[in-house]
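Undergrad: Single-letter residue listing:
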Amino acid sequence: MQERLKQKAIELLQNGTADRILGWKAGEFFYDLTPAVFTSKEQIEKDFVFNVFAGANLSKYLIAESRKGGKVAAFIKPCDSYSFQQLLKEHRILRDNVYVVGVQCDGMCDVAKLGCEGILGVQEDGESLTVDTLYGKKTVKKADAIADRCATCKSKKIVVFDELIGEQGEETEADRFGEVAKLEAMTPEERFDFWRGELSRCIRCNACRNVCPACSCEKCVFDNANSGVRNKAAADSFEENMFHIIRAFHVTGRCTDCGECSRVCPQNIPLHLLNRKLIKDINELYGPYQAGADMDTKPPLTNFTVDDCEPSIVHERGGQ
Amino acid sequence: MRNDPLIPMLGVVTMIRTDTPDVKTFRVTGIDGVKPFQHIPGQCAMLSIPGVGEALFSITSSPTEKDYLDFSIKKCGCVTTWLHQMEVGQQITIRGPYGNGFPVDTELAGKDLLFIAGGIGLAPLHSVINYCRHYRDRYGKIDIVYGSRSMADLVDFPEIIDEWCKEDGINVHLTIDNPQPEWDGHVGFVPNYVKELNFDTSKTVLMCGPPIMIKFTLAGLMELGFEKSQVYTTFELKMKCALGKCGRCNIGDKYVCKDGPVFRLDQMDELPDEY
Amino acid sequence: MKKIAISQLNTLFAAIAARKALYIPADDGAGAAKFTLWAEGVQLSDKLNTVRSAKDLFFPQVEQLVNFKMEGTKLEIIENRDATEPFVVFGVRACDAASFDILDRVFLSDPVDTFYQTRRENGVVITLACSRPAETCFCGTFGIDATNPAGDITCWMDGENLYWRANTEKGEALTATLDLTDCDGSAVTAQQEAVREILRKLPLNGLDFSDFKDQKLMDVFNSPKWAALSESCLGCGTCTFVCPTCQCYDVQDFDNGREVRRFRCWDSCMYSDFTMMAHGTNRPTQKERFRQRFMHKLVYFPNNNDGIFGCVGCGRCLQKCPIHMNIVKVAKALKEDM
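Chains as they are written, first to last, in the numbering used here: chain A, 1 to 320; chain B, 1 to 275; chain C, 1 to 338.
Since the hints were derived computationally from the structure, they do not count as laboratory data. The C-beta atom is built at its ideal place from N, Cα and C for all residues, glycine as well. Hints may be right or wrong, so weigh each one.
[As the list claims (entries may be wrong)] Example chain B residues on the side facing chain C (calculated, C-beta under 7 Å, incomplete): (1) Lys74; (2) Gly252; (3) Asp259; (4) Glu274.
[Stated by the list, open to error] Below 25 Å or equal to it, Euclidean Cα-Cα: the simulated SDA-like pairs (lysine to any residue) are: (5) B:Lys35 to B:Tyr135; (6) A:Lys68 to C:Asp27; (7) B:Lys24 to C:Thr73.
[Claimed, not checked] Computed footprint of chain C on chain B, listed as stretches where at least three residues anywhere in the stretch have a Cβ under 8 Å from a Cβ of chain C: (8) 6 to 15; (9) 48 to 60; (10) 91 to 103; (11) 232 to 240.
Start from the sequences and build out the full structure, keeping to the hints where you can.
TA: Here it is in structure tokens:
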């Protein structure tokens, strides 16, 4: 796959389709890829990488890249394509300046799930990964190292592209709301304790917000001194919790469930569960809706129909 | 309990003077009526209104004023807007003095001095000018070029006219950006005026004003034959601690709050232009 | 040299905790280790290092500075700094132990930060030598010996025993209160030799920053490499907050209606509002902000501190940066032009 992407990248530069290529750059190790822009065949041959650790969703970078003049070609995986289309729908990306190469994806791996210390290199070998470490070799089944978000992949469909590498896929039947159902089964007290516990680890680094394709405000309300709610560290711990809750509400109906928030969290907080709960609620209260799936449907929360649920729904669902 | 430099002392505002439509001068003493601390011309202090914030201001009064510190402050942000709304008797917090100040007793001693200020940029130089006036025999000739947008925007105008202009050995050159009926002085921007005045290059220059004025005035001074090593200026950057620790005012290997705010311009050549 | 059997670790922790608050790295339930207040049942983590560094104990993320009460024109200053009691931190790695020297140079230089100073005086640091370094480790670049960390007391652990060596008066004083057995240093020496063998095989072994010392500040600052290096930076504060040597802070006021609490909190030069003033910012794009962080660690800090870099090679930023950009990649890219 990597070779096909590299060939394509070089071809797009050489035939003038694009002036720049947005992809992933090799790091010090096998797994530490960095999103990068390539402008020459030499750079691509030397540094372009696509492997099971190319998890970073490149779509948000296109807000800026599409405004730098010229045309940029970007490699977009199925779940990234939902983010990309959602950003198009919000008029954040200049579509004419982007050439989208859809890349089919078998799921990305989570380096922590390899369970290895002192990783020197990883060899992909069909369904298994051979990890060479300072403390010996280890073979891990790829299925066991797959990132949680990919284990419940919602769709292999690339919803927007100019050309495809690999086969077009379909929406999957994966149960991505299983974990949410577990939370819903808790008593309110248990659930409160669960989230207080998880969010207590937050160091307020803003990585979740800054990586989130749905968080594309030019200036976040939490950074704005005039908003009255700016805080970069909490005066009390509940403020940190509020940051995440408010952020989840802000992206409701726009979050495509790409899972980047949980991937980047240095403290392993399962932030995607907040968003998934809201996605599940929207599906139940307003009918099934997938942000980024198309350009036409109106997001339920910015649309009005007479069938919309009433505020009394809170009471009906057992809330106070 | 230890005294920490981040913990301020109480001060009280004993006088407020409206200088221009957006500049007021505040006189501050300790709540015991005594001057909070001694300082060197060009040094700064942290003033704060709890709940609004803390900000660094240059001390406008000369160290030779025994009883108080003055601050001429332009209304432009959160803290300054609050300061402009307060009344005499208001208690605030103060800590300082911070920064290096101008080398009034060393490098500047015995020199002919040329002060160049634009707008509120007169504030830090005001302290030096009055210090030099107090110890008049320690310095040579003094020239002051001061410009503002309009006559109403000239800070300290009565003091300039009634005191500075009347002293021997002090030449004051005022200018405003655009003509006004009641103005019979020079009209034009500071950089051009400095060139027109064609100063003797033996002078030592102390300059403060908006970045654009500094840039063009410096170019003019170079044309006249001045060296960067003859020019001192004072900087303003975001600061929180004023102790050289919080990291905000770091440019290159210098901290403006501690190593500055006064720099000789030839020293700035070795620093990034992130100011 | 003294020792105690691993099976007696809990007894040792209990004995220390009986006199002073004890923090040890323990698993946080989410796959990472965290310095945790020891109580019966808290187990020492087998992770190489904590996500949040040991600096948290000396320079906490949020710290109360002072309170104010305002009534009309009257103002009252109420000193209410967080009480800091004597404490012991166990299991600090060599990298974090070296970070204290860097933090000391900032906070203990004139004018002394008394909040930090009090915590430093109150804290006894027990370090633990590394036995299984990770691929992201590069403390050797800074002359730090992972097999012989600094601290008030240095410990080594093998399958059977914890070995213990007091290095300072504070360390001696704590040691005197504990029931440890005397031993020779042969087991430690053997472990050190074995671990040094591993350290030599680390992928980042041989990484050398010394070129930066011969560079002109402005040459590094003006490197054309900064644009591409900073290109995909998200502008988050992860690197800053997990870094054991980053110490920039903000001072903020919180008005709860009855009083104003002034607190200090960590800040990041990567944030867009870090240098924002009423008239704008002097670092308008992420390129300038990104460059500031690395210039500070590689050039500015050493210039002011006897050539000591503002990095200890702990590798946290290598592990935690969401886009895997870090000081190693930056330094290697810049060195290409030196």
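Undergrad: Check whether three or more residues of the segment 232 to 240 of chain B sit with their beta carbon closer than 8 Å to a beta carbon of chain C.
TA: holds (count 4)
Undergrad: Could you check if glutamate 274 of chain B really has its C-beta closer than 7 Å to a C-beta on chain C?
TA: Since the shortest Cβ distance to chain C is 5 Å, the answer is holds.
Undergrad: Can the restraint linking lysine 35 of chain B and tyrosine 135 of chain B be considered satisfied, given a maximum Cα separation of 25 Å?
TA: holds, 21 Å
Undergrad: Counting residues of the segment 48 to 60 of chain B that have a beta-carbon nearer than 8 Å to any beta-carbon of chain C, does the count reach 3?
TA: holds (count 5)
Undergrad: Under 8 Å between beta-carbons, do enough residues of the segment 6 to 15 of chain B, three at least, approach chain C for the coverage claim to hold?
TA: holds (count 5)
Undergrad: Could you grab the alpha-carbon distance between lysine 68 of chain A and aspartate 27 of chain C and see if it respects the 25 Å cut-off?
TA: Violated: lysine 68 of chain A and aspartate 27 of chain C sit about 45 Å apart, past 25 Å.
Undergrad: Please check whether the segment 91 to 103 of chain B has three or more residues whose CB lies within less than 8 Å of a CB on chain C.
TA: That given contact holds, which follows from 3 residues of the segment 91 to 103 of chain B lying within Cβ reach (below 8 Å) of chain C.
Undergrad: Tell me if the interface restraint on aspartate 259 of chain B is satisfied: Cβ within less than 7 Å of some Cβ in chain C.
TA: Given a least distance of 9 Å, the restraint on aspartate 259 of chain B is violated.
Undergrad: Does lysine 74 of chain B hold up as a contact with chain C if the rule is Cβ-Cβ below 7 Å?
TA: Result: violated, 9 Å to nearest chain C Cβ.
Undergrad: Can you confirm whether the C-alpha distance between lysine 24 of chain B and threonine 73 of chain C stays at or below 25 Å?
TA: holds, 19 Å
Undergrad: Tell me if glycine 252 of chain B is really an interface residue toward chain C, meaning its C-beta lies closer than 7 Å to one of theirs.
TA: At 6 Å from the nearest chain C Cβ, glycine 252 of chain B passes the 7 Å test, so the hint holds.
This entry does not satisfy hints 1, 3, 6, going by the numbered hints stated previously.
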